[in-house]
Amino acid sequence: MMQMNQTATLGSPNLIELTAEVISAYVTQNSVPTAQLPELIAVVHGALKMLGEQPSEPASQELRPAVPIKTSITPDFLICLEDGRRFKSLRRHLSSKYGMTPDQYRAKWSLPKDYPMVAPNYAAARSELARRMGLGQIRRKKAPVTPKTSKGSGNRSSGRGKSTASSHVR
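Numbering (full-length UniProt numbering), first residue to last: 1 to 170.
Read the hints as simulated data drawn from the structure, not as lab findings.
Backbone N, C-alpha and C fix where the C-beta goes; we use that ideal spot for every residue, glycine too.
Among the hints, a few may not be true.
[To be verified] Label-pair ranges, simulated between beta-carbon atoms:
(1) K108 <-> K88: 36 to 46 Å
(2) T28 <-> Q104: 42 to 52 Å
(3) P68 <-> A130: 31 to 41 Å
[To be verified] Result set (DMTMM-like, lysine to aspartate or glutamate): computed pairs, CA atoms no more than 25 Å apart in a straight line:
(4) K49 <-> E21
(5) K70 <-> E21
(6) K70 <-> E17
(7) K97 <-> E62
(8) K108 <-> E62
(9) K49 <-> E17
(10) K113 <-> E53
(11) K113 <-> D83
(12) K108 <-> D83
(13) K49 <-> E62
(14) K113 <-> E62
(15) K97 <-> D83
(16) K97 <-> E82
(17) K88 <-> D114
Required output: the full structure, derived from the provided sequences and hints.
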């Protein structure tokens, strides 16, 4: 009778067996004081029990940006709505810290498609730099290159080549 009560309170026999297997594998590889075993068993059993349950619907949380959306764009930097940090360019921060693309970020915060990912002054400075370097211009076609004629006789090779047998005297 006692065993049936324990099974009913702890969970299904399969869950108890899994808990026992995990605990025994852990204890064989790690030193655990006997006083901590009941706590360890309870933690492992609880974790396994949660795996079998349907995930509960999270309470519908209203998204709250770290700063108001209207103030997130300044001339010199953009403020990330996720964490409130300032950046000249958000793309790398979003992908490395949150695993988001700019489109996912815009969709999450209901931002327009033309919401910038680069600060306006930074974009202007980079654009000016590119113009000064001549990038983005259609280049003129150069005059066709005429092949160079070699000077001297065609017998001599330039550079190091195979040596003749007469040059190797031993």
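Hint check results:
1. K108 <-> K88: 36 to 46 Å: violated (21 Å)
2. T28 <-> Q104: 42 to 52 Å: holds (44 Å)
3. P68 <-> A130: 31 to 41 Å: holds (33 Å)
4. K49 <-> E21: holds (14 Å)
5. K70 <-> E21: violated (55 Å)
6. K70 <-> E17: With Cα atoms ~56 Å apart, K70 and E17 exceed 25 Å; violated.
7. K97 <-> E62: Within the cut-off at roughly 21 Å; holds.
8. K108 <-> E62: holds (11 Å)
9. K49 <-> E17: holds (12 Å)
10. K113 <-> E53: violated (39 Å)
11. K113 <-> D83: holds (21 Å)
12. K108 <-> D83: OK: K108 and D83 at ~14 Å, within 25 Å.
13. K49 <-> E62: Cα-Cα ~29 Å, so violated.
14. K113 <-> E62: It holds: about 21 Å lies between the C-alpha atoms, which stays within 25 Å.
15. K97 <-> D83: Distance of about 10 Å is within 25 Å: holds.
16. K97 <-> E82: holds (10 Å)
17. K88 <-> D114: holds (16 Å)
Checked against the numbered hints listed earlier, the structure breaks hints 1, 5, 6, 10, 13; every other hint is satisfied.
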